[in-house]
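There are 2 protein chains.
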Amino acid sequence: MKQYLKHDPWCIVEEGFHREYNEITESVMSLGNGRMGQRGNFEEKFTGKSLQGNYVAGVYYPDKTRVGWWKNGYPEYFAKVLNAANWIGIDIDIEYESLDLNTCEVRSFRRMLNMKEGYLERSFVAVLKSGKELQVNARRFCSIVDDEAGAIRYSITPLNFDAKITITPYIDGDIRNRDANYDEKFWDEVRKETGYGEAFIEMRTRKTGFHVCTGMAVEIEQDGKRVDFQSQPIKYEKYVANRMTLDCQRGQETVIFKYAVNLSSLNYDPDHLMRETRQYLKQVVRKGFEKMEFEQKQAWADKWKMNDITIEGDIAAQQGIRFNIFQMNQTYTGEDERLNIGPKGFTGEKYGGSTYWDTEAYCFPFYLATADQKVARNLLVYRYRHLGKAIENAQKLGFRAGAALYPMVTMNGEESHNEWEITFEEIHRNGAIAHAIYDYVRYTGDEQYLVDYGLEVLIAISRFWSQRVNWSEAKQQYVMLGVTGPNEYENNVNNNWYTNYIAVWTLRYTLEAIEIAKRLDAEKFNALCDRIHFREDKEVATARQIIDNMHFPYDENRQVFLQQEGFLDKELMPVSEIPKGQRPLNQNWSWDRILRSCIIKQADVLQGLYFFEDEFDEETIRRNFEFYEPMTVHESSLSPCVHAVLAARLGLKEKAYEMYLRTARLDLDDYNNDTEDGCHITSMAGTWMAVVQGFGGLRVENDQLRLNPYCPDNWDSLAFKIRFRGALLQISVTQSGVSVQNFSSHPVTITLYDEPLTIEAESRKKADRKVLA
Amino acid sequence: MKQYLKHDPWCIVEEGFHREYNEITESVMSLGNGRMGQRGNFEEKFTGKSLQGNYVAGVYYPDKTRVGWWKNGYPEYFAKVLNAANWIGIDIDIEYESLDLNTCEVRSFRRMLNMKEGYLERSFVAVLKSGKELQVNARRFCSIVDDEAGAIRYSITPLNFDAKITITPYIDGDIRNRDANYDEKFWDEVRKETGYGEAFIEMRTRKTGFHVCTGMAVEIEQDGKRVDFQSQPIKYEKYVANRMTLDCQRGQETVIFKYAVNLSSLNYDPDHLMRETRQYLKQVVRKGFEKMEFEQKQAWADKWKMNDITIEGDIAAQQGIRFNIFQMNQTYTGEDERLNIGPKGFTGEKYGGSTYWDTEAYCFPFYLATADQKVARNLLVYRYRHLGKAIENAQKLGFRAGAALYPMVTMNGEESHNEWEITFEEIHRNGAIAHAIYDYVRYTGDEQYLVDYGLEVLIAISRFWSQRVNWSEAKQQYVMLGVTGPNEYENNVNNNWYTNYIAVWTLRYTLEAIEIAKRLDAEKFNALCDRIHFREDKEVATARQIIDNMHFPYDENRQVFLQQEGFLDKELMPVSEIPKGQRPLNQNWSWDRILRSCIIKQADVLQGLYFFEDEFDEETIRRNFEFYEPMTVHESSLSPCVHAVLAARLGLKEKAYEMYLRTARLDLDDYNNDTEDGCHITSMAGTWMAVVQGFGGLRVENDQLRLNPYCPDNWDSLAFKIRFRGALLQISVTQSGVSVQNFSSHPVTITLYDEPLTIEAESRKKADRKVLA
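Each protein sequence line maps, in turn, to chains A and B. Note that the numbering used here has the first sequence beginning at 18, numbered continuously upward. Note that the numbering used here has the second sequence beginning at 18, numbered continuously upward.
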């Protein structure tokens with residue numbers, strides 16, 4: 018845990034250069050616009066600890082799988098997020114000295130990510146070995162308005178000297194992924210061009226053949242006036258630049274504006290990519306830095322209007338929740354149904370792949386409640402588009418007749434993951450994908466989605482479950498053997514309660530969805546049946562058989578669901594009995610010991626109770642929570658949020674707050690000692706869940722919002738915004754009261770503390786805080 | 018399955034060059050003497066399919082582990098058998114043409130491994146592109162008398178031309194392991210020297226720092242007379258040679274004698290290695306090819322006298338069993354307690370490591386019954402020497418107080434294997450190591466071994482079991498969670514019957530061994546207790562607790578032991594229902610499907626019934642055999658032998674023979690399509706087991722041999738030799754009778770068909786064949 022970043026409600030601030038933490042700061046101060054993004058690297062040369070990272074959404078490389086012992090069914094490759102051309106680079110040379118914060122003295126250093134307005138700013142005085150002092154102020158952003166462009170304002174002021182300063186803005190395409198399995202390069206150069214103050218380079222990924230063309234244009238101002246400059250074009254292998262030498266006087270500010278655009282063959286014909294890049298760049302340059310910056314601020318203000326959460330009385334908490342919302346918005350905008358939410362977003366390259374079950378299980382509620390309906394819908398359509406691959410994936414494992422197993426990790430629908438106990442066994446992910454469809458329909462009321470897309474996915478997943486279970490003669494019930502539940506500290510278990518439950522639930526919901534589809538559009542339903550050879554009578558009968566006869570391990574004694582068969586054969590002990598020095602367990606215990614212990618990595622039975630809360634009475638939830646929570650070590654960043662929501666639901670306010678704290682500042686404080694690899698993007702949505710579903714008690718029931726909000730004891734107030742079926746509401750809670758603001762032009766009725774409450778259009782209603790049990 | 022090798026009782030013969038199978042032939046025709054060995058490669062240059070392989074026992078390299086996802090407790094490296102300097106090389110050049118069987122026409126090719134006399138012979142006529150015809154006859158062996166030396170007689174005869182022929186005998190130290198994880202080279206050159214007709218090169222392994230010095234000397238004869246020749250010494254990087262050009266007349270035979278020695282720092286001070294090598298080489302040269310060859314034949318004749326098996330009426334079977342005995346003898350002689358039986362011996366490099374549980378479970382009985390007592394004893398002492406490492410290995414996994422977990426794969430006692438479900442879970446190996454001690458004491462009567470070494474190992478293994486089980490509150494019994502049994506088609510199961518049984522058996526035997534040790538040498542026993550902090554009262558009480566309260570999964574209904582908990586939840590089906598095209602399953606089914614199926618890779622419950630036959634009545638063995646045999650697919654080469662022994666025991670003669678056939682010619686017929694990687698050395702001992710323990714019904718009971726022999730229906734006779742407590746017996750069985758020859762100078766009493774039978778010194782007794790039930 019590190020606490021060198023300043024607490025501030027809207028900004029992340031590093032005061033003084035923390036060289037040793039630079040890669041952490043780079044992760045935290047990443048910029049992105051859903052289409053491209055980059056780590057908070059320096060523009061000028063830096064020879065110290067740094068992970069230079071630029072990423073272009075949807076562009077990946079199938080890196081040859083690395084495995085100890087091959088198992089049949091493993092994928093040939095792991096799709097890696099590609100570190101792409103670096104377009105921020107501006108080298109500064111002063112009479113044979115290079116500006117490099119690793120080799121000179123650094124004064125008054127300040128790096129700041131402004132989340133309100135969406136930019137990164139840095140200022141410092143560098144004292145070179147020669148004694149020359151240079152003031153630098155840099156600001157840059159990835160535009161969320163022109164989302165294939167970024168802009169930099171980089172100013173230098175000699176403080177104690179006059180000199181010719183050589184400035185080399187460049188694009189470096191010779192980039193390597195730090196996590197390459199065999200240390201290979203993934204990019205080939207296609208072409209490059211340079212011109213006066215501009216340069217272009219088009220790179221192509223090996224194997225996948227994605228083209229990305231990156232262009233830059235440079236303008237320079239001195240004394241507030243545009244200056245002409247001599248520009249020397251430079252071309253090396255996979256590298257283009259412009260070099261210019263300027264007379265700089267003591268105290269005189271020279272400002273370099275660098276505009277860059279990044280166009281990929283995902284969106285343009287690769288034959289015209291260079292031309293399109295030139296054109297796009299021209300428009301951006303014409304717009305200019307100031308206008309772009311203005312638009313950026315406006316666009317971010319619009320976003321915050323829709324989904325800000327305010328916390329009064331706790332700046333660290335305020336900063337934490339905003340940081341999470343900010344990063345979620347930077348990572349995924351929902352504009353493009355081919356994209357998804359990578360585990361590191363644009364903040365690093367570790368883990369590879371862009372899509373995990375994290376999307377459906379943790380990120381989905383955030384986008385559903387804070388963005389336009391089409392955003393959540395696009396996340397569903399993304400999986401719909403991958404259905405064919407999911408069916409192929411299941412076929413590889415021996416399933417048939419249209420059964421689909423969605424991949425554990427993917428870029429293009431194909432499985433990338435290669436650890437048998439997860440790849441082949443952590444199949445509960447299939448259920449989360451079905452659940453997201455349910456969640457969407459419940460939240461939006463858009464049943465037509467089932468007819469158009471959802472049902473086809475549900476049937477394919479249900480077919481998988483129907484084939485994956487088998488009849489146990491011994492038990493005279495259906496069983497599901499050889500799975501790994503969400504708790505990855507157990508592998509290859511039988512009858513994982515959560516997996517069995519979500520399988521049966523999927524079957525049930527598929528039957529419901531069939532009825533809805535028949536009711537809404539029987540013709541389309543019939544066409545679907547024909548197309549996918551759905552034999553309704555037979556498949557429904559099978560589903561009913563399984564629904565009615567599934568085995569769920571249960572402890573009659575304690576009246577709790579058993580995480581899996583045989584769980585009670587373990588030596589049961591709470592996490593609290595494990596000495597602190599032995600945690601995190603995955604760094605201190607052998608895998609053997611972890612597997613055999615009762616200690617749970619992340620919510621498993623409780624994940625099920627969270628998803629299907631309505632299907633259990635409060636006492637059941639409480640008994641299971643009290644049984645499992647003490648044994649859960651939360652070594653997945655996705656775990657505490659679920660516990661937080663359930664704890665809040667059960668009135669366990671201290672526990673809820675403790676769990677909330679575990680995720681709220683995970684990356685800001687480098688809680689897990691791994692933020693240098695990038696931020697934990699998907700778990701950021703979990704913090705939102707903890708606040709809105711936990712403290713806010715937000716649920717949807719019978720086409721209405723239901724809320725049971727409270728404000729944690731050490732906060733003065735909490736306010737969050739929710740979009741629901743065309744309305745925008747703000748729920749504000751203090752220690753004594755609640756108010757609900759309806760920003761929309763129609764009245765909205767919600768259930769507040771189990772009582773109906775109607776808030777008229779564009780008005781606010783107050784209520785007393787109900788003290789929850 | 019391939020059948021291009023000729024059936025012959027004593028030789029393996031390839032008639033005509035089978036280019037496409039060359040790597041298979043190379044494996045099969047490997048030579049070895051327990052100290053060094055090599056594949057059946059060609060002496061002259063060969064650019065076709067070939068795996069050049071030379072191996073020096075005990076010399077290994079810790080190759081950096083390759084793994085998909087790291088788990089705590091994995092070893093940093095995988096100890097690889099090292100492919101070492103090639104000393105057989107003799108390049109032949111005739112006026113700018115090289116002799117290379119890949120590029121010229123080959124006539125009258127014959128390659129033959131003579132198992133009776135222990136040499137490899139090859140003859141052919143090569144027709145070069147120029148039309149020149151050259152007759153070549155080559156013979157070589159790795160001496161089992163001078164076991165750091167080999168010798169080659171390589172003769173060339175121009176058939177239709179006179180020419181100057183250039184001959185380049187060489188040593189090539191620039192060797193790479195084909196199975197290197199990261200394609201690295203493992204050898205560095207230390208020094209090299211050349212002289213008249215001789216050359217030396219000393220190489221050192223990276224990381225492990227083993228030195229191996231290889232020397233060669235060359236003599237040449239023409240017309241049966243030694244000739245002087247001009248020798249041009251050649252030194253390249255990691256390569257030394259002598260080049261000589263000779264006038265060769267049409268029809269004139271030129272014979273090259275190449276002597277080579279291979280000395281390693283395992284046996285010599287590395288500072289004097291070159292000097293020692295020179296000296297050793299000089300002795301060998303002085304002895305000369307003919308004498309060496311004569312001694313080789315004598316030594317092999319002595320070996321065969323002790324352990325030959327003759328089968329009349331089936332040449333393929335005769336060849337198969339001799340091939341297996343021959344390879345076992347080539348691989349391990351038992352002279353050196355630091356060596357062990359690698360899975361590929363000296364025939365290939367795949368799998369790495371030198372020691373698996375194969376040694377104790379499958380190879381041990383062979384050496385026990387056919388070699389001097391010290392050989393089996395050395396195999397035990399090998400593990401005793403590794404006890405410290407086994408304790409460290411257990412510590413890494415979290416065990417304590419002297420608990421030992423022997424490695425799954427090792428070279429030096431440290432674990433090399435890195436697949437969690439095996440490395441950490443296939444712990445039954447610990448039991449097999451304990452069982453070998455028991456087996457040795459039972460067979461030899463050498464109880465003193467327990468006092469000197471055995472008990473210390475037994476206590477350490479028992480400590481492991483005591484810590485590895487845990488008390489299940491739910492079952493009110495001890496359980497063993499998260500193991501992999503011998504059947505590796507199941508992973509991470511609970512209460513594997515075999516593992517639980519061998520654990521409890523180890524505890525029981527340890528208690529027995531304590532009593533024996535106390536009786537034989539109470540003082541030494543007390544010293545041991547002090548040294549290893551053995552608290553007899555407490556540890557014995559714990560062991561008794563576990564012995565009395567262990568859980569063994571059992572099916573009351575069928576009255577069979579359950580392979581593991583929950584086995585009956587699977588869909589049970591026999592292997593016979595799986596279409597042939599889907600086998601081997603591990604190449605056709607996904608790992609997911611394999612894990613969930615009931616199909617068993619190799620004997621598991623039956624392995625236990627084999628080991629502990631005396632503890633179960635025949636009906637129990639029969640019920641379990643009938644339940645499990647149909648579900649066993651035998652995709653480990655170590656499986657059928659166990660089934661063969663049990664089937665023979667149960668009078669299931671057809672099944673026993675079917676199982677025997679599965680291993681008998683595994684490599685000769687390339688049954689599993691992988692002999693090109695090397696031979697399945699350890700499973701060869703399994704064939705011996707099938708014959709001697711299966712058809713021969715050999716057991717040891719109450720300090721006597723017990724035999725229930727029969728001759729399989731399609732053989733005329735079967736005869737095998739057995740050493741037992743100073744006696745050598747030959748048991749011969751025909752379809753009608755049995756005779757037992759006692760070669761020793763004292764009478765021996767055995768139990769034949771449950772009746773005592775005494776055979777006087779140096780005499781033979783006949784008996785009727787009892788027809789077994």
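By construction, these hints were calculated from the structure, which means they are not laboratory data. Quick caveat, the model's predicted, so the values are computed rather than measured. Just so you know, not all the hints are guaranteed correct.
Copies of the same chain look alike in the list, so a pair counts if it fits in one copy or across any two.
Restricting the straight-line Cα-Cα distance to at most 25 angstroms, the calculated cross-link-like pairs of lysine-lysine (BS3-like) are [as the list claims (entries may be wrong)]:
#  : residue 1 : residue 2
1  : Lys-597   : Lys-413
2  : Lys-597   : Lys-670
3  : Lys-406   : Lys-133
4  : Lys-88    : Lys-597
5  : Lys-320   : Lys-492
6  : Lys-81    : Lys-367
7  : Lys-492   : Lys-255
8  : Lys-181   : Lys-88
9  : Lys-88    : Lys-367
10 : Lys-224   : Lys-308
11 : Lys-202   : Lys-81
Results for each hint:
Only between protomers do Lys-597 and Lys-413 lie at most 25 angstroms apart by alpha-carbon distance; the minimum there is 19 angstroms, versus 43 angstroms within a single protomer. Taking the closest pair of Cα atoms, Lys-597 and Lys-670 come within 25 angstroms of each other only inside a single copy of the chain (24 angstroms); across copies the shortest separation is 62 angstroms, beyond that limit. Taking CA atoms no more than 25 angstroms apart as the test, Lys-406 paired with Lys-133 passes in neither setting, with 40 angstroms inside one copy and 59 angstroms between copies. In this assembly of identical chains, the alpha carbons of Lys-88 and Lys-597 lie at most 25 angstroms apart only when taken from different copies (21 angstroms versus 37 angstroms within one copy).
Neither within a single protomer nor between protomers do Lys-320 and Lys-492 lie at most 25 angstroms apart by alpha-carbon distance, with minima of 54 angstroms and 57 angstroms respectively. Proximity of Lys-81 to Lys-367 under the C-alpha cut-off of 25 angstroms is found in both arrangements, the shortest distances being 15 angstroms within a copy and 22 angstroms between copies. Taking CA atoms no more than 25 angstroms apart as the test, Lys-492 paired with Lys-255 passes in neither setting, with 64 angstroms inside one copy and 66 angstroms between copies. Taking CA atoms no more than 25 angstroms apart as the test, Lys-181 paired with Lys-88 passes in neither setting, with 62 angstroms inside one copy and 55 angstroms between copies.
With identical chains, the CA atoms of Lys-88 and Lys-367 are at most 25 angstroms apart both within one copy (23 angstroms) and between copies (17 angstroms). In the homo-oligomer, the alpha carbons of Lys-224 and Lys-308 never lie at most 25 angstroms apart, since the shortest distance is 39 angstroms inside one protomer and 62 angstroms across protomers. Taking the shortest alpha-carbon separations for Lys-202 and Lys-81, both the intra-copy value of 12 angstroms and the inter-copy value of 22 angstroms come in at or below 25 angstroms.
Against the hints set out earlier in the document, violations occur for numbers 3, 5, 7, 8 and 10.
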